[in-house]
Amino acid sequence: MTSALLPRAARPMSTREGNRRLRIARAFSTILVLLIVAIQIYPLVWVVLASLKTPAEFAGGNPFALPREPTFDNFGRAWEMADLPRYIGNSFVVTVASNVFIVLLGMMAAYAIQVLRFRWSNAVMGLFVVGLVVPVQVALVPLFINYARVGLLDTYQAMIVPLVGFSLPISVYLFASFFQYVPHETYEAASLDGAGPYRVFFKITMPLSVNTIITVVFVNTIFIWNDFIFANTFVLSEQLRTIPLGLQNYMGAMGSVDWTATFAAVCVTVTPVLLAFLALNRAIIYGIEGGGSKG
Amino acid sequence: MLRHRSKTAVAVFLLPPLLTYVVAVLFPILQSLFLSFFRWDGITPMEFVGIDNYRRMLVGDDVFWRAAGHSLVYVAVALFFQLGVALFLANLLTYVRRGRETVKTLFLLPAIVSTVAIALLFQRVYSFEPVGLLNGALDAIGLDDLARPWLSELDTVLVSVSVPEGWRFTGLYMLILYAAIIAVPAELEEAARLDGASSWQVFRHIRFAYIRPVWLTTMIMATTYSLRGFDIPYLLTNGGPGQASELLTTYMYKTAFTSTDFGYASTIAVFIVVQCVVAVGAILVLRNRGDKTA
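Chains C and Y are the protein sequences, given in the same order. Just so we're aligned: the first sequence equals residues 1 to 295 in the working numbering. Just so we're aligned: the second sequence equals residues 1 to 294 in the working numbering.
For the record, the hints were derived by calculation from the structure and aren't laboratory data. Hints are not guaranteed to be accurate.
If you only want the chain C side, here are some residues facing chain Y, beta carbon under 8 Å, derived [unchecked claim]:
#1 25
#2 32
#3 46
#4 85
#5 89
#6 92
#7 109
#8 116
The structure presented is a predicted model; accordingly, all values stated were derived computationally and were not measured. The beta carbon of each residue, even a glycine, is placed where N, CA and C say it ideally should be.
All chains should be built: construct the whole structure from the sequences, respecting the hints.
Structure (structure tokens):
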């Protein structure tokens, strides 16, 4: 597409006029962006503010006011009302275990498909890519039945298996895209030195993939740490509750909810992911921008 | 291709991931298809009923069709945010000089918050008594006539449960679109501007034309993700009041795990998969047609 297709203005703008217009556009855009960001983020700010207010102030006060006397009582009550450390611990177990499998299995599949190659490589890749659009709901009834049969209901594995399965497509896709860019000579050289496929995998492919591993882990950690549907379907006992299930305990049985304590609990449970996000912020944004524009 | 590869090596690397994928994803799809031809409550013996479940779903179940309609509204609201607002903002951001990185970070924040936390949050945003954030804000700007219990009125509940889904991923899609816009060659836009093109014309004929492939990827992601949206409506209203905010996913879940009608629930699940495949197909057809006319 060239500019010749555009209707020409009767008189080309002078540069000065153009600069002025650009400045106005910039100022206007900045104000609008700030406004939208404020609206977008305020609900989250509001949760933090509420967790620092007394219940009375939260119930009666102005939702846009800062806490008059910030208090940490809500966090104490949040701690007593439910077993927060247990939920966080369970979420850690599930997230770490799932990530180990997702990274390892994803890398292995991508290595077989992209580096070793075989007769059906493209077909197998296609099979994995299809998984990107498969809705998780389709697996709920079959897995529930199968778990009941083999006695896996109400275990960590019951959550980990589908979390890994449904994360594999994106993981295989990201690793395969990365392996495409590893120069062929790298493998040739190793091959000439007599390295077999296993040595190459551990000595060359793995160490080269650190950045992709970070992207894969982060994308999947958000999905796993926050998973509600698998946990809600396959976990029955209090001991195995992950954070999303645990937070539900704050919804009072009688419909009465201790909101400030609930929001304090929300703040606590978001913190680990938030810290990871802020620490890896640059790498993540870079990963999303790169991943999207390649699509 | 590696020189020393062997069939064994391929098998060693491929089988564990493939097996996991088959057990967790592919086999359950086939199993759902199988179950959709049976009537089964999980306890008594399974009973083969042929296409009865499909007939019931397509011609005998009003709730199913209402839920299907609601799911489309849900997708439309989500796309309004994730494609519309996201594109608008990505564009605006290119005119902003300082603080772009901060805006990006802030905008991504809702994406890391769990759906349960979001549901708790929005329950209070929409609440009427005590006055929630939305009604409080309307009051503050003098629109208190509009204040209402958003989640218990039949007219507002569906859109109200859809907004949080759109809201939480707006930043994610904004980032993807922003990256695409930034990659548009500056000379193209410069040339158009010198020819006297307005900002709108620059956007329409240059930027948007250039980012079309990314736009379509975003569309596929946003559409399939919101078609499977479940958590927020399930937690906020559980499909109510009545079935005014019932989606196909919540309906399927309740059919399976509240009514323990595994056969019929599987039929609905099969429909949800078909729906996703059709949506992706339609978007791809759209792309091919666009390529021909462009």
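Okay, the hints, checked on the actual structure:
The beta carbon of residue 25 of chain C comes within 5 Å of a beta carbon in chain Y, closer than 8 Å, and the hint placing it at the interface holds. Residue-level restraint check for residue 32 of chain C holds (minimum Cβ-Cβ distance to chain Y is 6 Å; threshold 8 Å). Because the closest C-beta pair between residue 46 of chain C and chain Y is about 6 Å apart, less than 8 Å, the hint holds. Checking residue 85 of chain C against chain Y: minimum C-beta separation of about 17 Å lies over 8 Å; hint violated.
Interface hint at residue 89 of chain C: violated, since its Cβ lies 16 Å from the closest Cβ of chain Y, which is beyond the 8 Å cut-off. Taken as an interface hint, residue 92 of chain C does not check out: its beta carbon lies about 14 Å from the nearest beta carbon of chain Y, beyond 8 Å. The criterion of a C-beta within 8 Å of any C-beta in chain Y is met by residue 109 of chain C, whose closest approach is roughly 4 Å, and the hint holds. Annotation: interface hint on residue 116 of chain C holds; nearest CB of chain Y at approximately 5 Å, less than 8 Å.
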